Amino acid sequence: EVQLVESGGGLVQPGGSLRLSCAASGFTFSTYWMSWVRQAPGKGLEWVANIKQDGSEKNYVDSVKGRFTISRDNAKNSLYLQMNSLRAEDTAVYYCARENGYCSGPRCYFYFDFWGQGTLVTVSS
Amino acid sequence: DIQMTQSPSSLSASVGDRVTITCRASRSIDSYVNWYQQKLGKAPKLLISAASSLQSGVPSRFSGSGSGTDFTLTISSLQPEDFATYYCQQSHIIPRTFGQGTKVEIK
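Note that the protein sequences, when read in sequence, are chains L and P.
Counting from 1, position 41 in the first sequence corresponds to residue 41 in my numbering; the numbering is continuous, with no gaps.
Counting from 1, position 20 in the second sequence corresponds to residue 20 in my numbering; the numbering is continuous, with no gaps.
Hints in this document: simulated from the structure, not taken from any laboratory.
Treat the hints with caution; some may be incorrect.
Once the Cα atoms are required to be at most 25 Å apart in a straight line, the calculated SDA-like pairs of lysine to any residue come out as [to be verified]:
1. P/45 - L/56
2. P/39 - L/40
3. P/42 - L/124
4. P/103 - L/23
5. L/58 - L/23
6. L/52 - P/50
7. L/58 - L/109
8. L/58 - P/1
9. P/39 - L/76
10. L/76 - L/63
11. P/45 - L/124
12. L/43 - P/72
13. P/39 - L/89
14. L/52 - L/104
15. L/52 - P/1
16. P/42 - L/104
17. L/65 - L/10
18. P/39 - L/30
19. P/39 - L/39
20. P/42 - L/82
21. L/65 - P/103
22. P/42 - L/42
23. L/43 - P/106
24. L/52 - L/3
25. L/65 - P/2
26. P/42 - L/123
27. P/42 - L/56
28. P/39 - L/73
29. L/52 - P/2
30. P/107 - L/3
31. L/43 - P/38
32. L/76 - L/42
33. P/42 - L/25
34. L/58 - L/73
35. P/42 - L/108
36. P/103 - L/120
37. P/107 - L/42
38. P/45 - L/108
Just so it is clear, the structure is predicted and the values come from calculations on it, not from any experiment.
Based on the sequences and whatever the hints tell you, model everything.
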């Protein structure tokens with residue numbers, strides 16, 4: 001059974017740092033792209049970052065570039081999100097999600113097929 | 001970035017109703033659209049990928065269609081467990097972007 005379990009959320013002051021972790025099990029972690037997706041209270045979903053299977057490629061939404069760093073440890077089946085210079089607008093539930101996909105001819109389709117339960121990050125003084 | 005605009009933002013419907021949610025992309029994205037269902041306090045659940053491919057285990061009353069800029073999620077006969085918020089998402093380019101959500105409520 002695929003499981004993704006996030007941890008590391010909590011209350012942090014503006015300008016502070018926090019490191020989120022996501023422990024994966026039930027699948028071969030090293031063969032999938034992984035993403036972080038967040039949801040501010042009462043708001044919609046926002047993709048934050050993703051990372052390639054071997055960690056060689058990383059992508060970020062503009063609002064977190066230079067402040068957040070996504071990483072992974074395939075030996076530990078774990079995904080991380082280091083968040084620095086946190087702002088009030090970063091307050092959200094952070095989900096890790098497996099990014100699966102398939103190719104049909106020249107087209108490759110990607111989707112988030114499994115999600116963790118989320119961890120709440122609150123940035124407030 | 002590609003903007004995804006859903007309509008309506010919310011709707012009220014009765015059990016047994018046919019429900020249609022639309023999603024419009026700010027530019028053509030072929031069929032690179034996924035649909036998710038999210039219930040209160042829970043993680044999103046993938047319903048449909050590649051605009052129309054139903055995920056394993058998802059009831060056949062859910063269907064998706066569209067290509068280019070206009071996409072549709074249809075629930076053919078609304079069931080009590082379908083009351084939730086639905087999101088479209090494009091996977092054509094980075095950054096991945098979601099629609100703002102459509103909340104389906106009980107009439």
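Results of checking the hints against the structure:
Taking the CA atoms of residue 45 of chain P and residue 56 of chain L, the gap is near 28 Å; set against the 25 Å cutoff, the hint is violated. For the hint pairing residue 39 of chain P with residue 40 of chain L, the CA-to-CA distance comes to about 15 Å; that is within 25 Å, so the pair holds. With a C-alpha separation of about 24 Å, the suggested pairing of residue 42 of chain P with residue 124 of chain L holds against the 25 Å cut-off. Our distance criterion of 25 Å between C-alpha atoms is broken by residue 103 of chain P and residue 23 of chain L, whose separation comes to about 31 Å.
A C-alpha spacing of about 19 Å is found between residue 58 of chain L and residue 23 of chain L, which places the hinted pair at or below 25 Å, so the restraint holds. Between residue 52 of chain L and residue 50 of chain P the CA atoms are separated by roughly 21 Å; this keeps the pair inside 25 Å, and the hint holds. Between residue 58 of chain L and residue 109 of chain L, the direct Cα distance comes to roughly 18 Å. Compliance with the 25 Å bound is thereby established for this hinted pair. For the given pair, residue 58 of chain L sits about 17 Å from residue 1 of chain P by alpha-carbon distance, which is consistent with the 25 Å threshold.
Among the hinted pairs, residue 39 of chain P with residue 76 of chain L is inconsistent with the structure: their alpha-carbon atoms are about 31 Å apart, more than 25 Å. Between residue 76 of chain L and residue 63 of chain L, the direct Cα distance comes to roughly 29 Å. Violation of the 25 Å bound is thereby established for this hinted pair. A C-alpha spacing of about 30 Å is found between residue 45 of chain P and residue 124 of chain L, which places the hinted pair above 25 Å, so the restraint is violated. Among the hinted pairs, residue 43 of chain L with residue 72 of chain P is consistent with the structure: their alpha-carbon atoms are about 22 Å apart, no more than 25 Å.
Of the supplied pair hints, the one linking residue 39 of chain P and residue 89 of chain L holds, its CA atoms being roughly 23 Å apart against a limit of 25 Å. A hinted pair counts as satisfied when its Cα atoms are at most 25 Å apart, and residue 52 of chain L with residue 104 of chain L qualifies at roughly 20 Å. Our distance criterion of 25 Å between C-alpha atoms is met by residue 52 of chain L and residue 1 of chain P, whose separation comes to about 20 Å. As the CA atoms of residue 42 of chain P and residue 104 of chain L are separated by approximately 32 Å, the hinted pair breaks the 25 Å bound.
For the suggested pair residue 65 of chain L and residue 10 of chain L, the alpha carbons sit about 21 Å apart, so the restraint of at most 25 Å is met. Restraint check for residue 39 of chain P and residue 30 of chain L: the C-alpha separation of about 30 Å exceeds 25 Å, so the hint is violated. The straight-line distance between the Cα atoms of residue 39 of chain P and residue 39 of chain L is roughly 13 Å, inside the 25 Å bound, and the hint therefore holds. Our distance criterion of 25 Å between C-alpha atoms is met by residue 42 of chain P and residue 82 of chain L, whose separation comes to about 24 Å.
Taken as a hint, the residue 65 of chain L and residue 103 of chain P pair is broken in the structure, with Cα atoms around 31 Å apart against an allowance of 25 Å. For the given pair, residue 42 of chain P sits about 13 Å from residue 42 of chain L by alpha-carbon distance, which is consistent with the 25 Å threshold. Annotation: proposed proximity of residue 43 of chain L to residue 106 of chain P holds, straight-line Cα distance about 20 Å (limit 25 Å). This hinted pair checks out: residue 52 of chain L and residue 3 of chain L have alpha carbons roughly 19 Å apart, not beyond 25 Å.
Between the alpha carbons of residue 65 of chain L and residue 2 of chain P the distance comes to roughly 18 Å, so the proposed pair stays at or under 25 Å and holds. At roughly 21 Å between alpha-carbon atoms, residue 42 of chain P and residue 123 of chain L fall within 25 Å of each other, so this suggested pair holds. For the given pair, residue 42 of chain P sits about 31 Å from residue 56 of chain L by alpha-carbon distance, which is inconsistent with the 25 Å threshold. Distance hint between residue 39 of chain P and residue 73 of chain L is unfulfilled; the C-alpha atoms sit about 31 Å from each other, more than 25 Å.
Restraint check: the Cα-Cα separation between residue 52 of chain L and residue 2 of chain P comes to about 22 Å, which is no more than 25 Å; the hinted pair holds. Straight-line distance between C-alpha atoms of residue 107 of chain P and residue 3 of chain L comes to about 35 Å, which puts the hinted pair past the 25 Å bound. Our distance criterion of 25 Å between C-alpha atoms is met by residue 43 of chain L and residue 38 of chain P, whose separation comes to about 12 Å. Of the supplied pair hints, the one linking residue 76 of chain L and residue 42 of chain L is violated, its CA atoms being roughly 33 Å apart against a limit of 25 Å.
Simply put, residue 42 of chain P and residue 25 of chain L have alpha-carbon atoms about 19 Å apart, close enough for the 25 Å limit, and the pair holds. Of the pairs offered as hints, the one joining residue 58 of chain L and residue 73 of chain L holds, with about 14 Å between alpha carbons and a cut-off of 25 Å not exceeded. For a cut-off of 25 Å, the pair hint linking residue 42 of chain P to residue 108 of chain L is broken: about 28 Å separates their Cα positions. For the proposed pair residue 103 of chain P and residue 120 of chain L, the alpha carbon gap of about 22 Å is at most 25 Å, so the pair holds.
At most 25 Å may separate the alpha-carbon atoms for a hinted pair to count; residue 107 of chain P and residue 42 of chain L meet this at roughly 21 Å. Using a Cα cut-off of 25 Å, the hinted pair residue 45 of chain P and residue 108 of chain L holds, with the two alpha carbons roughly 21 Å apart.
Hint check: violations occur at hints 1, 4, 9, 10, 11, 16, 18, 21, 27, 28, 30, 32 and 35; the rest are consistent with the structure.
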